[in-house]
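2 protein chains.
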Amino acid sequence: MDNDNIRKVSINTIRTLAMDAVQKAGSGHPGTAMSLAPAAYVLWNNIMKYNPKNPHWFNRDRFVLSNGHASIIQYIMLHLTGYHVSMEDLKNLRQWGSKTPGHPEYGLTEGIETTTGPLGQGFMTAVGMTMAEAHLASRFNKPDFPVVDHYVYGFCSDGDLMEGASSEAASLAGHFGLGKLIFLYDDNHISIDGDTEITYSDDIKKRFEGYNWHVQDLGESANDIEKITKAYEAAQQEKDRPSLIILRTHIAHGAPNKQDTAAAHGSALGEDEVKATKRVYGMPEDKTFYVPEEVKRHMEQAIERGEQLEKEWNAMYERYEQKHPDWHALLEKGKALEPDKDWDKDIPEFKPDDGPVATRKASAKIINSFAQHVPYLLGGSADLAASTKTLMEDWGYFGKGNYQNRNIPWGIREHGMAAATSGITLHGGLRAFAATFFIFSDYARPAIRLAALMKLPTIYVLTHDSIGLGGDGPTHQPVEHLASFRAMPNIFVFRPADANEVAYTWRAVLRRKKGPSMMVLTRQNVPVADRSKYASADGVLKGAYVLSKEKGDAPDAILMGTGSEVSIALEAQEKLRDMNVDARVVSMPCWELFREQDENYRNEVLPQKVKARTAVEAGAALGWKEWVGDDGTVVSVDRFGSSAPYQENFAHYGFTVDNVVEHLKKSIAQSQS
Amino acid sequence: MDNDNIRKVSINTIRTLAMDAVQKAGSGHPGTAMSLAPAAYVLWNNIMKYNPKNPHWFNRDRFVLSNGHASIIQYIMLHLTGYHVSMEDLKNLRQWGSKTPGHPEYGLTEGIETTTGPLGQGFMTAVGMTMAEAHLASRFNKPDFPVVDHYVYGFCSDGDLMEGASSEAASLAGHFGLGKLIFLYDDNHISIDGDTEITYSDDIKKRFEGYNWHVQDLGESANDIEKITKAYEAAQQEKDRPSLIILRTHIAHGAPNKQDTAAAHGSALGEDEVKATKRVYGMPEDKTFYVPEEVKRHMEQAIERGEQLEKEWNAMYERYEQKHPDWHALLEKGKALEPDKDWDKDIPEFKPDDGPVATRKASAKIINSFAQHVPYLLGGSADLAASTKTLMEDWGYFGKGNYQNRNIPWGIREHGMAAATSGITLHGGLRAFAATFFIFSDYARPAIRLAALMKLPTIYVLTHDSIGLGGDGPTHQPVEHLASFRAMPNIFVFRPADANEVAYTWRAVLRRKKGPSMMVLTRQNVPVADRSKYASADGVLKGAYVLSKEKGDAPDAILMGTGSEVSIALEAQEKLRDMNVDARVVSMPCWELFREQDENYRNEVLPQKVKARTAVEAGAALGWKEWVGDDGTVVSVDRFGSSAPYQENFAHYGFTVDNVVEHLKKSIAQSQS
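Chains A and B supply the protein sequences, listed in that same order. Numbers 1443 to 2115, taken from my numbering, label the letters of the first sequence in order. Numbers 1443 to 2115, taken from my numbering, label the letters of the second sequence in order.
Hints may be right or wrong, so weigh each one.
Note that identical chains are pooled: a pair holds if it fits in a single copy or bridges any two copies.
Straight-line Cα separation of at most 25 Å, SDA-like style, residue types lysine to any residue; simulated pairs [to be verified]:
no.	residue 1	residue 2
1	LYS2108	ASP2073
2	LYS2051	ASP2080
3	LYS1984	LEU1779
4	LYS1897	ASN1699
5	LYS1753	ASN1967
6	LYS1533	GLN2050
7	LYS1648	ALA1676
8	LYS1647	GLY1619
9	LYS1648	GLY1841
10	LYS1842	ASP1637
11	LYS1533	HIS2094
12	LYS1807	GLY1708
13	LYS1897	TYR2095
14	LYS1991	ASP1836
15	LYS2108	ASP1637
16	LYS1491	ALA2093
17	LYS2107	GLU1727
18	LYS1533	PRO2087
19	LYS2053	SER1709
20	LYS2107	HIS2094
21	LYS2053	GLN2114
22	LYS1897	ASP2080
23	LYS1533	ALA2093
The hints are simulated quantities; they were obtained by calculation from the structure and are not laboratory data. Model, not experiment: these values are computed from the prediction.
Whole structure, please, built from the sequences with the hints as guidance.
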């Protein structure tokens, strides 16, 4: 076949594979894969740098399919270019245990850079990946050693751009001038409910120029290989602005009855239409999952190209190691997420005599004590650096011309922040944290959930954690948030009781690499527990621990709690002693970590035979029955908060020593009846 | 004082009151109130139509302070124009029990149209209010009877426009051509972290033109009364596009040391600076909370204006009642949210013989059986009408030129949808529902929370409710969502077990007006329980009920569950009988409603002495201990889902009769040990 012909047949092979796979699965999204096939062909064959035989090559271009429902096109491209996605995998689309689930899943399928599906997520995550590239390039590249130098490409859909997520990410990318971010916008005018004209008339070019993007509107060029290639090349040349390539496509291109219909968006086309479409393409209609031998050879040239690219880069990286051994070692450390030895040696020990301190403030001191020893850590807040106390003082703000800096000014864009934080972490070489008020985790929740699903070691610093924040009132006071994250798989929720527990929380969090961790901190001051009298705060590393033992051999009752309410439990313990009740106080900063301890330890901390138990936490009671049991009671917040100084809120909502004592007495009575 | 002078002194009075109130409270946001004072003066004195003595006047213009942290300016305007906000209230800013909390709260303070604070929310909600106006005007206005004819005004900040929320709402407003929506953008270049230039460089004019808005950039005119007035008038004249008026302001205008600084954003200015600023304004520096008598009289002209406006409207509305009694009655019905008598008479009864039916499909039939009898109900989905099955078939799509229609095509904008759904409901005369996949409630969560905080009777129809949705995989399969909403105050979460429970869920939901309700429905078919054998589905109205009784006098054990898993419990009950275990099956569609029942009923359903209990629900276990107790067991999903046909997912995750039986046997053993 001549060049034109092989390209045409390759593209039609992509299309027929998409139709066949969805047809076999019985459900899925064939139409977008069919219309985007030429663009995918261009990207994988002419534009992107990658090595199919080593999907982890550090300097590869990243690809993000933000319209993740079109997963089949990515699986097909991975298959044809020689990744570890077999024809059998394509045939198992959307089946139990397959590598080809309904939406692309990071960690499951090699070559998938991030999990996508919920619209807007991929778009935002790609911004984070590009920020990581810019940061690493700025820090680690040296003259003649562009060790980090790659693009981040993506496809996105009308759905991605309708989501507000896209606005936050686009605004950030434009502001930061991320020239290496290149998205192709699949403008197909079709979504599930039909023509997008019923709900969508944004002038996307204008909108994205408003975000400071470089926008090319290719119009009706979905099958024009040359034009698409040139657009990508122009986008690569644009160094100071992210690029959007607008391509008017026709969903299910070529399908005689289903092109340009919503029916082709989320359903198999049907046997007859599949055959009819193959005829239109000039492909054999009776063959399924058919890849012409020449197409196979043509597409698999990617393997050799990729090996060559990586080989050249490896050679350079070896020379880099010789010439710049310290930088090389630093980069390797980041790739392994390994802090310096003794990285935590400067973490302060907080003393009761220094007076009460807000856990967010303790966190600030701790962060700044280790920031230099955890050089791969990047982070920022959603316009709340001064409030969340997360600024790394010696490292300045990340920005255009200052990509080497480690503090990221996310602006008031919690959702974009969280997803880009995942993107930075996904890139490799870095670990990122995101900070905001705990209440605003709601804005970021879809992205936090994806981080949990991907088991990314992202970190969330969430302050102003209860009605204790005071006058800002119920719109800013979390109530249900602890419970809502405790219900989410894979994420660890830490709520340290005092400054020294914060120190161990940071240790636990930096140690944990198999999933996200969240640390929930107070705005208001809380007493520093006297560790000469109570147990060491290193108990945090086990999730829960006996903070203050009973006087006798076994406790009469157990008081338990998290965060700022633990100090109330300690006072209640004293008062109960005066009443001849010998209670134990258990601090439970992280339920998930505690559940991971062996049964012996768990029974030591919460002896089964002690049924009189009261939990104290300024949040919803939901979930606490697991720990207090049938006879237990909970001092909790099961209504919305109020705008008032925190002391008044605490008093009105029952977070007083007397009320805790009353609750425990009730539990004692119940356990004895 | 001459006209110019009284305006100037009035504006400076607003400013000094703002400084004084925040200074007295010790915290708050004075700077924005000071810089927006002239715009507020224009709006309340020259532009808006309202009646301070009747904040509920139906045809009033609505005002939304999207930058809710600047609440003090709204309180001051309410005070000065004669609403029920006293000087004492201003002095109690941010105090326990006051009418002047940190952020404006709907229902607490008369004249506050919606609760704001979390950025972007007010902006989105205002779009819903304007949609309500357009819809009601289109349906109810008759020649010479513009009974619904008002504007929706708002202030918004850089923070509002950084939030993705603003993009969704702006895109919707532009698409729908909501000419009566007029926002003033307070472009002050300052946010908490300092100058917005560190993170924000959107060309807002271009961006909003991209959303099809009418944009006027007034530049440096923050104190130019004439120019601001003219801009508002031009915005009113623009009938087909929403308007954005961009005003470059200087935060803390006039403060000699704090103007244009982040310090003036979220903190009191300090006594000295307050005095110095009063000197700059020419106001007496030693007086606090000072309102010159002439200013008082000048501002209170609003009372007479308002009374006159309402009087004229009332007269017209009386004539409307004469001329168009049916329309008048219909509008009144909407204002009371009262459905027709016997509105539910056409709700079908589903029969087991008709075969299993997805609860979302049952919901579709039910909605369409009552849609004509609940004429004030509007709703739509986030591009999932065909999937959530929420289309009211006889009513067409809402849109430009079709405002009378009752189905709203929200596009893929869950957050905007939820907030605007609140806005429609807040407007009055209408009640709105919003529909999407349950998983995407995460995108809408901040707006749903505000609806709960405001106790709005919004309705959420959330389908595809578990791993039972199948091939779309873990990105689309809710796990933690039931728990996360059960932890949220004021919202009722319904998960009906079969088609007939859906019918009663709709009844319960339409009956409930004091807070939002959520109905969580399956994608997959579930059997229709044989009600001749089991209890009536009207038990849903009590939140939980004995669906299938034990054979003997008292049950040996209790199986409980919600949604699609109840049918597994029923099968397990049969199997247990063969094993001589006489279990009861309790369906628990709504925990919150069950908790509201009296203790007797609750003990009847779940007798305390029966300790052997197993719950079955395809979601996180968190919270179920409350119902199953110490000896109970839970068949739950405590990890993420998988992409596979739902039968396989159910089998792999333990939702089988055998596994339920095993779990109950374990609970029996525990209860006997």
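Do the hints match the structure? See the list:
Both within a single protomer and between protomers do LYS2108 and ASP2073 lie at most 25 Å apart by alpha-carbon distance, with minima of 9 Å and 21 Å respectively. In this homomeric assembly, LYS2051 and ASP2080 never come within 25 Å of each other (Cα to Cα): the closest approach is 28 Å inside a single copy and 27 Å across copies. In this assembly of identical chains, LYS1984 and LEU1779 lie within 25 Å of each other by CA distance solely inside one copy; the values are 22 Å within and 53 Å between copies. In this assembly of identical chains, the alpha carbons of LYS1897 and ASN1699 never lie at most 25 Å apart, being 42 Å within a copy and 48 Å across copies at closest.
Within a single copy, LYS1753 and ASN1967 get their C-alpha atoms no closer than 56 Å, and across copies no closer than 54 Å, so neither meets the 25 Å cut-off. Taking the shortest Cα distances, LYS1533 and GLN2050 never come within 25 Å of each other, neither inside one copy (52 Å) nor across copies (53 Å). When the C-alpha separation of LYS1648 and ALA1676 is checked against a cutoff of 25 Å, the pair qualifies both within a copy, at 19 Å, and between copies, at 23 Å. Taking the shortest Cα distances, LYS1647 and GLY1619 sit within 25 Å of each other both inside one copy (17 Å) and across copies (20 Å).
Taking identical chains as interchangeable, the C-alpha atoms of LYS1648 and GLY1841 lie at most 25 Å apart whether they share a chain (24 Å) or sit on different chains (23 Å). Taking the shortest Cα distances, LYS1842 and ASP1637 sit within 25 Å of each other only across copies (15 Å), while inside one copy they are farther apart (39 Å). Taking the shortest Cα distances, LYS1533 and HIS2094 sit within 25 Å of each other only across copies (21 Å), while inside one copy they are farther apart (61 Å). In this assembly of identical chains, the alpha carbons of LYS1807 and GLY1708 lie at most 25 Å apart only when taken from different copies (23 Å versus 51 Å within one copy).
Proximity of LYS1897 to TYR2095 under the C-alpha cut-off of 25 Å is restricted to the inter-copy arrangement: shortest distance 20 Å between copies versus 36 Å within a copy. For a Cα distance limit of 25 Å, the shortest separation of LYS1991 from ASP1836 qualifies neither inside one copy, at 41 Å, nor across copies, at 68 Å. Taking the shortest Cα distances, LYS2108 and ASP1637 never come within 25 Å of each other, neither inside one copy (62 Å) nor across copies (54 Å). In this assembly of identical chains, the alpha carbons of LYS1491 and ALA2093 never lie at most 25 Å apart, being 62 Å within a copy and 42 Å across copies at closest.
Taking identical chains as interchangeable, the C-alpha atoms of LYS2107 and GLU1727 are never at most 25 Å apart, the minima being 78 Å within one chain and 56 Å between chains. Proximity of LYS1533 to PRO2087 under the C-alpha cut-off of 25 Å is restricted to the inter-copy arrangement: shortest distance 15 Å between copies versus 62 Å within a copy. In this assembly of identical chains, LYS2053 and SER1709 lie within 25 Å of each other by CA distance neither inside one copy nor across copies; the values are 55 Å within and 47 Å between. Proximity of LYS2107 to HIS2094 under the C-alpha cut-off of 25 Å is restricted to the intra-copy arrangement: shortest distance 20 Å within a copy versus 44 Å between copies.
For a Cα distance limit of 25 Å, the shortest separation of LYS2053 from GLN2114 qualifies both inside one copy, at 9 Å, and across copies, at 17 Å. In this homomeric assembly, LYS1897 and ASP2080 come within 25 Å of each other (Cα to Cα) only across copies, at 15 Å, whereas the closest approach inside a single copy is 31 Å. With identical chains, the CA atoms of LYS1533 and ALA2093 are at most 25 Å apart between copies only, with a shortest distance of 22 Å across copies and 62 Å within one.
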